[in-house]
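Trainee: Chain residues, written in single-letter form:
There are 2 protein chains.
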Amino acid sequence: MNADPRRLALALGHAFKREDLLEQGLTHRSAGAFNNERLEFLGDALIGFMIAEALWERFPEADEGTLSRMRASLVKRESLAGLARGLRLGDYLRLGAGELRTGGHARDSILADALEAVLGAVYLDAGFAVTQTVVMGLFAERLDDTSAAQSGKDPKTRLQEWLQSRKWPLPDYVVTEIGGDQHDQIFTVSCLLTDRNLCAFGTGSSRRRAEQSAAQAMLEQIEK
Amino acid sequence: MNADPRRLALALGHAFKREDLLEQGLTHRSAGAFNNERLEFLGDALIGFMIAEALWERFPEADEGTLSRMRASLVKRESLAGLARGLRLGDYLRLGAGELRTGGHARDSILADALEAVLGAVYLDAGFAVTQTVVMGLFAERLDDTSAAQSGKDPKTRLQEWLQSRKWPLPDYVVTEIGGDQHDQIFTVSCLLTDRNLCAFGTGSSRRRAEQSAAQAMLEQIEK
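Residue numbers (our numbering), protein chains in the order written: chain G, 1 to 224; chain E, 225 to 448.
Think of the hints as simulated: they come from the structure by calculation, not from any bench.
Here the structure is a predicted model, which means the values were calculated and not measured.
Possibly wrong hints are sitting among the right ones.
[To be verified] No farther apart than 25 Å at their CA atoms in a straight line, the calculated lysine-lysine pairs in the BS3-like style are these:
| hint | chain 1 | residue 1 | chain 2 | residue 2 |
| --- | --- | --- | --- | --- |
| 1 | E | K241 | G | K224 |
| 2 | E | K391 | E | K300 |
| 3 | E | K377 | E | K300 |
| 4 | G | K76 | G | K17 |
| 5 | E | K300 | G | K76 |
| 6 | G | K167 | G | K76 |
[To be verified] Reference listing, derived: stretches of chain E covered by chain G, where coverage requires no fewer than 3 residues with Cβ under 8 Å from a Cβ of chain G:
| hint | region |
| --- | --- |
| 7 | 265 to 271 |
| 8 | 276 to 286 |
Note that beta-carbon positions come from the ideal geometry of N, C-alpha and C, so glycine has one too.
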């Protein structure tokens, strides 16, 4: 018995008008002719472009080769499958009998393809801007990690250096929410620059990740 | 002396607010640090997605593999260079001395990359919807050709329709060579448009195949 796809939609942050699109995105070709192969084609191209744009903006100093490598790493099968697992996407998949028996729910290729297809479905349901928000939400942590890896410094360190170089006071990090299941918690952290009236938020699967994400958001705010 | 980039913008159907972006899109890396390599990265991803979407919509019956092949054919270097030539993009390029000397203006790779970069610049200047209009205008004929090819019409039929629609005389097909072993013959056929002084060749394992191949070659010649 599959989980209700609307829970997946909730996790993605998009309520589908056309739930048939979401259903199709979750249907592997082993389950019949009404399947996600064409949506996957669309979603793959869509993700490729949106991640390209995000990297382009985040790394104004990176050359084309570096941008290409970063993108390849973010959109490769294993990476997408990891994001799909974070969404428990396997619980919603419709598979044929053979794939069901052989553990298709957990297979990287099937998970990655289905994630692409579901994002293709979001695009058809709601257009470019909404999909961009969904995709950026989904990849936020990975993009932050890429930033950290690229600079060799994590966002908290970079924020601290930015502030010190301008003789601003250092930020406070406060956990403002802990949600999700007990074994799958989501932390929300505020990064506060009190004397400047600035505040940025971040979420993550640990307090540390949420702090890094909040620091990244603050950096983006003050660098503007 | 380069042509005025605003004429290129006119041909594309988009007047740039930020002309520096257009200028950057037209600047090859041989001309300095302010060049089009990063814009090309963005434009490549952008075109890939927009063509994917256009094919997805046009060919509701095509499977993922067919869509992928069609896209690869539309966005390959030679195809983009052909579109760039149609825009006389070479006239606007900024090249370093070495590339200027060795005919960089006419090189497929430089033209294709610059077209991608210019479309990336349109996106940054005007957003998704405007760029989609520009890209669809640019690829309209190629997409139509893809439709014709996909529709199952053979090259001889398409050539005949193309000529009739322009009230040109019909071609002559002449076998000009039969080579190969007796049980493995190779036919060469010329497709002649005598009053236009046009000639194209095709080869194949039968006269019929060679004629189709020659018709295809003629189509490619006259559609330029």
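Trainee: Look at each hint and say if it fits the structure.
Mentor: Here is how each hint holds up against the structure:
no.: 1; hint: E:K241 with G:K224; in the structure: 21 Å, holds
no.: 2; hint: E:K391 with E:K300; in the structure: 32 Å, violated
no.: 3; hint: E:K377 with E:K300; in the structure: 23 Å, holds
no.: 4; hint: G:K76 with G:K17; in the structure: 29 Å, violated
no.: 5; hint: E:K300 with G:K76; in the structure: 22 Å, holds
no.: 6; hint: G:K167 with G:K76; in the structure: 41 Å, violated
no.: 7; hint: 265 to 271; in the structure: holds (count 5)
no.: 8; hint: 276 to 286; in the structure: holds (count 4)
Hint check: violations occur at hints 2, 4, 6; the rest are consistent with the structure.
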